[in-house]
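Same order as they appear, the protein sequences are chains P and E. Residues in the first sequence are numbered from 24 upward in steps of one, following this note's numbering. Residues in the second sequence are numbered from 92 upward in steps of one, following this note's numbering.
No lab work stands behind these hints, which were simulated from the structure alone. Hints are not guaranteed to be accurate.
[What the hints assert, rightly or not] Below, in silico cross-link-like pairs of lysine-lysine (BS3-like), each with a Cα-Cα straight-line distance of 30 Å or less:
(1) E:K161 / P:K80
(2) E:K161 / E:K142
(3) E:K127 / E:K147
(4) E:K127 / E:K187
(5) E:K127 / E:K148
(6) E:K161 / E:K127
(7) E:K161 / E:K187
(8) E:K148 / E:K161
(9) E:K148 / P:K80
(10) E:K142 / P:K80
(11) E:K150 / E:K161
(12) E:K147 / E:K161
(13) E:K127 / E:K150
(14) P:K32 / E:K147
(15) P:K32 / E:K127
(16) P:K80 / E:K127
(17) E:K148 / E:K187
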Amino acid sequence: DSGVTQTPKHLITATGQRVTLRCSPRSGDLSVYWYQQSLDQGLQFLIQYYNGEERAKGNILERFSAQQFPDLHSELNLSSLELGDSALYFCASSPFLMGETQYFGPGTRLLVL
Amino acid sequence: GQQVMQIPQYQHVQEGEDFTTYCNSSTTLSNIQWYKQRPGGHPVFLIQLVKSGEVKKQKRLTFQFGEAKKNSSLHITATQTTDVGTYFCAGYNTDKLIFGTGTRLQVFP
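With the sequences and hints as input, model every part of the structure.
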């Protein structure tokens with residue numbers, strides 16, 4: 024158990040819909056990262072937040088957005104969903120800004136029908 | 092953009108055989124990390140290498156960081172069925188941790 028929690032574990036929705044994925048980092052960690060892992064694919068970095076502020080952006084679509092709240096939990100919002108958005112979405116956390124080990128949550132498996 | 096490639100993509104070995112995965116970056120990395128993802132699981136940190144030419148061992152696992160800090164390798168001696176999973180290298184380039192494409196290891200008893 025990494026100490027990072029993600030909800031929900033599974034999500035099934037339809038194209039065009041909007042969903043919110045939630046992540047609680049390890050106690051004391053200030054950075055939260057979001058990754059997308061498609062079937063048989065590697066981990067694609069989406070975005071990083073540090074202490075409430077966006078710090079780094081990867082290949083995140085404009086239909087996707089994220090935020091980190093004062094209590095340091097984070098949400099990833101996915102809108103106008105397409106079939107290709109079906110994937111595992113991982114959240115990870117680390118104590119500070121960069122260069123450190125990242126601790127991954129169990130992931131949210133999203134299926135868009 | 093920066094790319095981190097791993098070879099091979101898949102490897103099937105008999106239990107007891109050795110296994111090596113290679114990681115190559117298109118740019119110099121400040122450090123390299125290795126993660127293991129079991130089937131159905133999430134990535135779990137294994138180790139971090141920082142210095143050029145650094146070699147670290149964890150029991151049957153040997154990790155190496157290249158002299159130019161653009162490549163790395165993970166070698167497993169005498170594989171066991173518990174080694175099954177996908178091994179990812181990941182390197183920091185400025186502010187982003189870029190994950191390699193991964194090597195999926197299957198071990199047959």
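Cross-check of the supplied hints:
1. Taken as a hint, the E:K161 and P:K80 pair is honoured in the structure, with Cα atoms around 23 Å apart against an allowance of 30 Å.
2. The hinted pair formed by E:K161 and E:K142 meets the criterion: a straight-line CA distance of about 11 Å does not exceed 30 Å.
3. Distance restraint check for E:K127 and E:K147: the Cα-Cα separation of roughly 16 Å lies within the 30 Å cut-off, and the hinted pair is therefore satisfied.
4. Proposed proximity of E:K127 and E:K187 is supported: the alpha carbons are some 19 Å apart, at most 30 Å.
5. Only pairs whose Cα atoms come within 30 Å are accepted, and E:K127 paired with E:K148 is accepted, the gap being roughly 15 Å.
6. Distance hint between E:K161 and E:K127 is fulfilled; the C-alpha atoms sit about 20 Å from each other, no more than 30 Å.
7. Of the supplied pair hints, the one linking E:K161 and E:K187 holds, its CA atoms being roughly 16 Å apart against a limit of 30 Å.
8. Distance hint between E:K148 and E:K161 is fulfilled; the C-alpha atoms sit about 20 Å from each other, no more than 30 Å.
9. Annotation: proposed proximity of E:K148 to P:K80 is violated, straight-line Cα distance about 33 Å (limit 30 Å).
10. Between E:K142 and P:K80 the alpha-carbon distance is near 27 Å, which keeps this suggested pair within the 30 Å criterion.
11. Under the criterion of a C-alpha separation no larger than 30 Å, the hint pairing E:K150 with E:K161 is consistent with the structure, at around 25 Å.
12. Proximity of E:K147 to E:K161 is assessed by CA-CA distance (about 17 Å); at most 30 Å being required, the pair is judged to hold.
13. Restraint check: the Cα-Cα separation between E:K127 and E:K150 comes to about 15 Å, which is no more than 30 Å; the hinted pair holds.
14. A threshold of 30 Å between alpha carbons decides the hint, and for P:K32 with E:K147 the separation of about 35 Å lies outside it, so the pair is violated.
15. Simply put, P:K32 and E:K127 have alpha-carbon atoms about 20 Å apart, close enough for the 30 Å limit, and the pair holds.
16. Taking the CA atoms of P:K80 and E:K127, the gap is near 24 Å; set against the 30 Å cutoff, the hint holds.
17. About 26 Å separates the Cα atoms of E:K148 and E:K187, which keeps this hinted pair within 30 Å; it holds.
Hints 9, 14, counting from the list given before, are not met by this structure.
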